[in-house]
Amino acid sequence: MEHDDLLPYVYLTAQGDKQAFAKLYQQTSGKLMAISITMLSNRAHAEEVLQEAFIKIWHNASEYNSSKGSVISWMISIVRYRCLDALRYYKVRKEQSMVAGDIDERNIAVHYDENTKLVSCIEQLQPQQKQAIHLAYYKGLSHSELVDHIDTPLGTVKSWIRRGLVQLQRCLTV
Amino acid sequence: MNYNNPNLLNVLAGQYVLGSLKGSARKRFQRLMLSNQKAREATLMWEQNLNNLANAIAPQAPSEKVWLRIIQKIEHQSKPSKTVIRTKPSIWRVWSLVATAAAIVFAFIVMQPTNPIKDVQQIALVQNKAQQSLWFININKQVFYVKASSELVAKTDRDYQLWMILKDQDTPISLGLLPKQGHKTLVKNIHFTTSDITLLAVSLEPIGGSPSGLPSQVLHTTELVVL
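Heads up: the protein sequence lines correspond to chains A and B, in order. Per my numbering, the first sequence runs over residues 1 to 174. Per my numbering, the second sequence runs over residues 1 to 227.
Keep in mind the hints are simulated off the structure, nothing from the lab. You can trust all of the hints, since none of them are fake.
Pairwise CB distance ranges, derived in the manner of DEER restraints:
1) A:18 <-> B:207: 36 to 42 Å
2) B:1 <-> A:153: 18 to 24 Å
3) A:163 <-> B:1: 16 to 22 Å
4) A:166 <-> B:76: 45 to 51 Å
Remember, predicted model here, so these are calculated numbers, not experimental data. Note that the Cβ used here is the ideal one computed from N, Cα and C, for glycine as well.
Build the full structure now, drawing on both the sequences and the hints.
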């Protein structure tokens, strides 16, 4: 999905064009739903977040500009930050489906089809760094939740993330 | 923490985007983004890069009712109803909110706006580091009613601009220039509800407001208090 493909739909959505908004939904809802359900592990909650995110996109389309990056990245960020809020909310309510102990990284169906620079850089990380970054990105786990999940001291987990990010950035900017 | 260190800023931004940064650390970084252009740029850089990880997940179609609900909401409601995400407040946070609310109520009684607006839902008080009240902000469904305090010593060659940070968003949104004396009504965009606002900020700007569309120098931040 290229940046330029979605730009006209966002522009028209900002003008109140519901057909363009429907096209935007058709083109992106599958990907955004996948992110939501991967993070929340609960279809009903994932659909609720997706619904809220698209209502936000409808109202905020006029605020999108290219300085916010590609359209799809802007939309993914809206969905992911909503998911992070939802995770925090449901964990406070101790809903079982949101408990980190249920998570198995093998259930995160990560298949890199594209040979992008990010994929190449991710593949260069140490396995523990890659696992910690995957669990944080796909499951929204905090440092302390990663400690419980990977059964590793907090300092080590923080170090994996920190060094992984530094190495990623170095690789991406080369 | 030295936020001028670009390496530290990049790691914090990366952790913010990943989601591993939580709680007060996450809030501190959100506040930092209000005033620090490099923090915003680093966050955007990580969003652009890390969001490519989403390409590795196979798309999943949502059920048809999702789209129906979206259309129903945007057609029949001028303002979307949102799920308010609330976490358990700590005792210090509760105490802080109670103290702030008491200060605001006191300010409200003392300042007595000349055109009080009925149906008040939320209020905020902008104070300086010496706890002097500078602006009292009264928010209802349509407008922000702002009154400058007599304690405000405003610069004549600069303007003061009010910004809000919405839930899930990193970029501050301008609400308009603040009065240097007396009161002023700022019209609220109907497309968001006040429950979406996580923070208000006041920046110092050249006359006429921010030239970049983002805060030049953040002077004060405050949270809304629900009455």
